[in-house]
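Novice: Now for the letters of each chain:
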Amino acid sequence: MQAVMARRGVDALLLATPHLAAFASGARRVQVAGSGGGLPWVVIVAGAPSAVVFTADPDGAPSWMPRVAIEPLLWDRGRALRRLAELVAPARGAIACDTFSPLLRDAIGRPLIDAAPLLAEAMVPKTADEVAAVKTTLRAARTALRGAVRAAGPGEPVAALIAAVAESSAGCFPLGEGFVWRIGSPFVRLAATDVLGAGDVVALELGLSHAAYAGVAGDTVAVGGGDLTAARRAWFAVLCAIAKRCRRGATAADLARAATAAGARREGLLAHGLGVGVEPPFIDLDGGDAEPLRPGTVLVLTPVVAGFRATRALLVTEGSPRWLEGAP
Amino acid sequence: MSPDPSPLRAGRTARLHAAMEAAGHDALVLTSAAAIRYATGAVVRHGESSLEAAWPFASVVTADRVHVLGVEPEGVPPEVEHLPWTRHAVVSTLAEVLRGARTIGVERLPTAVGLELERAFRMEPAEPVLGAARAVKTVEEIALLRAAQRASEAGIAEVLPAIVPGIREVDLGARFLAAMARRDVTACHVEPIFCVLPREAREAPWTFAGGLPYRELPGERVLAAGDQVMIDTGMLHAGYLADFGCTWVCGAEPGRADRTLRARWQAILDAVLDACRPGTTAADLRAAALAANGPGRPAPWPRPLYLAHGIGLGGVEPPFVGTDLGLAAETRAVLVPGMVLVIEPYAWEEGLGGYRAEQTIVITDDGFAPLSAPPP
Numbered sequence: 001m002q003a004v005m006a007r008r009g010v011d012a013l014l015l016a017t018p019h020l021a022a023f024a025s026g027a028r029r030v031q032v033a034g035s036g037g038g039l040p041w042v043v044i045v046a047g048a049p050s051a052v053v054f055t056a057d058p059d060g061a062p063s064w065m066p067r068v069a070i071e072p073l074l075w076d077r078g079r080a081l082r083r084l085a086e087l088v089a090p091a092r093g094a095i096a097c098d099t100f101s102p103l104l105r106d107a108i109g110r111p112l113i114d115a116a117p118l119l120a121e122a123m124v125p126k127t128a129d130e131v132a133a134v135k136t137t138l139r140a141a142r143t144a145l146r147g148a149v150r151a152a153g154p155g156e157p158v159a160a161l162i163a164a165v166a167e168s169s170a171g172c173f174p175l176g177e178g179f180v181w182r183i184g185s186p187f188v189r190l191a192a193t194d195v196l197g198a199g200d201v202v203a204l205e206l207g208l209s210h211a212a213y214a215g216v217a218g219d220t221v222a223v224g225g226g227d228l229t230a231a232r233r234a235w236f237a238v239l240c241a242i243a244k245r246c247r248r249g250a251t252a253a254d255l256a257r258a259a260t261a262a263g264a265r266r267e268g269l270l271a272h273g274l275g276v277g278v279e280p281p282f283i284d285l286d287g288g289d290a291e292p293l294r295p296g297t298v299l300v301l302t303p304v305v306a307g308f309r310a311t312r313a314l315l316v317t318e319g320s321p322r323w324l325e326g327a328p
Numbered sequence: 001m002s003p004d005p006s007p008l009r010a011g012r013t014a015r016l017h018a019a020m021e022a023a024g025h026d027a028l029v030l031t032s033a034a035a036i037r038y039a040t041g042a043v044v045r046h047g048e049s050s051l052e053a054a055w056p057f058a059s060v061v062t063a064d065r066v067h068v069l070g071v072e073p074e075g076v077p078p079e080v081e082h083l084p085w086t087r088h089a090v091v092s093t094l095a096e097v098l099r100g101a102r103t104i105g106v107e108r109l110p111t112a113v114g115l116e117l118e119r120a121f122r123m124e125p126a127e128p129v130l131g132a133a134r135a136v137k138t139v140e141e142i143a144l145l146r147a148a149q150r151a152s153e154a155g156i157a158e159v160l161p162a163i164v165p166g167i168r169e170v171d172l173g174a175r176f177l178a179a180m181a182r183r184d185v186t187a188c189h190v191e192p193i194f195c196v197l198p199r200e201a202r203e204a205p206w207t208f209a210g211g212l213p214y215r216e217l218p219g220e221r222v223l224a225a226g227d228q229v230m231i232d233t234g235m236l237h238a239g240y241l242a243d244f245g246c247t248w249v250c251g252a253e254p255g256r257a258d259r260t261l262r263a264r265w266q267a268i269l270d271a272v273l274d275a276c277r278p279g280t281t282a283a284d285l286r287a288a289a290l291a292a293n294g295p296g297r298p299a300p301w302p303r304p305l306y307l308a309h310g311i312g313l314g315g316v317e318p319p320f321v322g323t324d325l326g327l328a329a330e331t332r333a334v335l336v337p338g339m340v341l342v343i344e345p346y347a348w349e350e351g352l353g354g355y356r357a358e359q360t361i362v363i364t365d366d367g368f369a370p371l372s373a374p375p376p
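Protein chains in written order, with this note's numbering: chain A, 1 to 328; chain B, 1 to 376.
Only chain A is shown next, with the shape it has when bound in the complex (with noise of 0.2 Å):
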């Protein structure tokens, strides 16, 4: 982070939003979701020998936090926004923040710039320890869809599979409630109360956070038993198309090319990032406005073919791809 706000000329970085403020700060908080940010609770100044953070889990900072970096929590809003002014007031750069609000345009009476280019470039390259996170949580992600796919059985409601993922996953915070869609065309996303029927094909996937680091896992299943060997080698053929692209300098209309040639569906994305949650880049059929791929990036394949969709997850390099995770 020290790095990229450097190269920038960003003095001051302030971040609200749960994961890029994990992400900078190393600090760890009892998770909720649909807490987008409100108020910054991560503060970054230039030189500082460590981020400053809000919380109300002290014992959730790094060992290596100075103590008088870790400050509890304010919900007076006032008190805190004088608070972070105090932070920032000896940065004579730039001051950045991911989440705009009227309360901190005010409180820090300067301009504000958007920080969503600085963590973007600060987050790729991917360590070796971030990469071994990623296929950590992976594994954990793909360990719990196994316990869906058991789970889907003729009669059995959308809501035993998300239970059989929440039993194999312990440890893990849900990136979100776990999708289960029928295949058709669209695909219809089924409710938690809805019934599986013997020959209903359905595409699961589900999203999990552990130590910080996010896993998905996706894969398409027959209930009741049922032949899925075809629809399953024409998405790996997808996969690979879409795979032999994935190489440095890549821009998602290389990648959205290569999937339609190969016989891709136009059905949600096909790739995202993943790291310390879902990242950019987010590419589509329609290619989308994402940069070129950087070596580091840890992506996420996930193409349709008419009647299957999983997912497979591979890191970007100065040459091939290397997979993360076997084929599902």
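These are calculated hints, taken from the structure and not from any lab test.
Hints are not guaranteed to be accurate.
[Claimed, not checked] Only part of the chain A face toward chain B is listed, based on derived beta-carbon distances under 10 Å:
| # | residue |
| --- | --- |
| 1 | Pro-18 |
| 2 | Gly-34 |
| 3 | Pro-58 |
| 4 | Ala-80 |
| 5 | Arg-105 |
| 6 | Thr-127 |
| 7 | Asp-129 |
| 8 | Val-131 |
| 9 | Ala-164 |
| 10 | Phe-173 |
Because the structure is a prediction, the values reported are computed rather than measured.
Beta carbons: idealized from backbone N, C-alpha and C, even for Gly.
The hints should help you fit chain B onto chain A, whose structure is shown.
Specialist: Just chain B, lined up with the frame of chain A:
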């Protein structure tokens, strides 16, 4: 994934419009799942912060129209217009929908979007308007909060027998999520907390100055017989939060220390409940807890948390009791019928350990009614 039913939507929309008018806001731009659901009845994709960033959503509320952006169409009520959230075009889409408005209340926005909108509109925080509308619950909302609470209580009852020596804290969280899913409650809002409380201050050296030793980050700690396991969970049922909390002794009957702490917790809770009626203030609840706690003891709740907080759609919400907001703010926070409070004192003493549990209530015309059962 169907949108909220019509009577629920109508009651909330009326409250929100009144609050907007009182604040002089021509429009609101809302970006939190809870606020969008409150204002529109639309159900957004539930998830943590990176999912929200990956699939952003918003709603725009004016006096006569409601729009949502980035919400799956099957979750949107018929009277709400839905538009895509397109990364390149989101500012122009918002500006178009906001045309004619001058003062707008906004929740958090991506910085780039906020900086662009600022050129065209006078922007104020939306939170005071949302807070004013959401503080008092409609009859339909109270019924949903009660149902959410019941489901959580049943889920917890299923997990309690598993609190035995040898199991890890995180295993209990997983069992709880599975038990809730089997009751069709699948939206995990707060990481389920199953944490052994410290019996002595030296077991929690990180505690903030002046606070009671406490922990709430579950880990791989293996439970031993007699451990005081603090439970705190937050699941969303139809968007409404069930905040369940209690303390359970691992693999044993509660001992003398456990019973002493629970009795103290009960005395503090009873004193606070005595003050729960229309017209009293958050400051009165704080004073009641401190008086029941006895002189010379630190405030009976963890710092920097609270003695009590409101709940509704989504997470904790005002009124807060016992935070750094302080006495002046608490004196202004007057209880009125329809407010829903979670009261959660923490009794802790060196050598004895801790006991924390939660009681959810709704303020009624002549006092309060419980929405949660007494802790097990």
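Novice: So which hints don't hold here, by number, going up?
Specialist: 6, 7, 8
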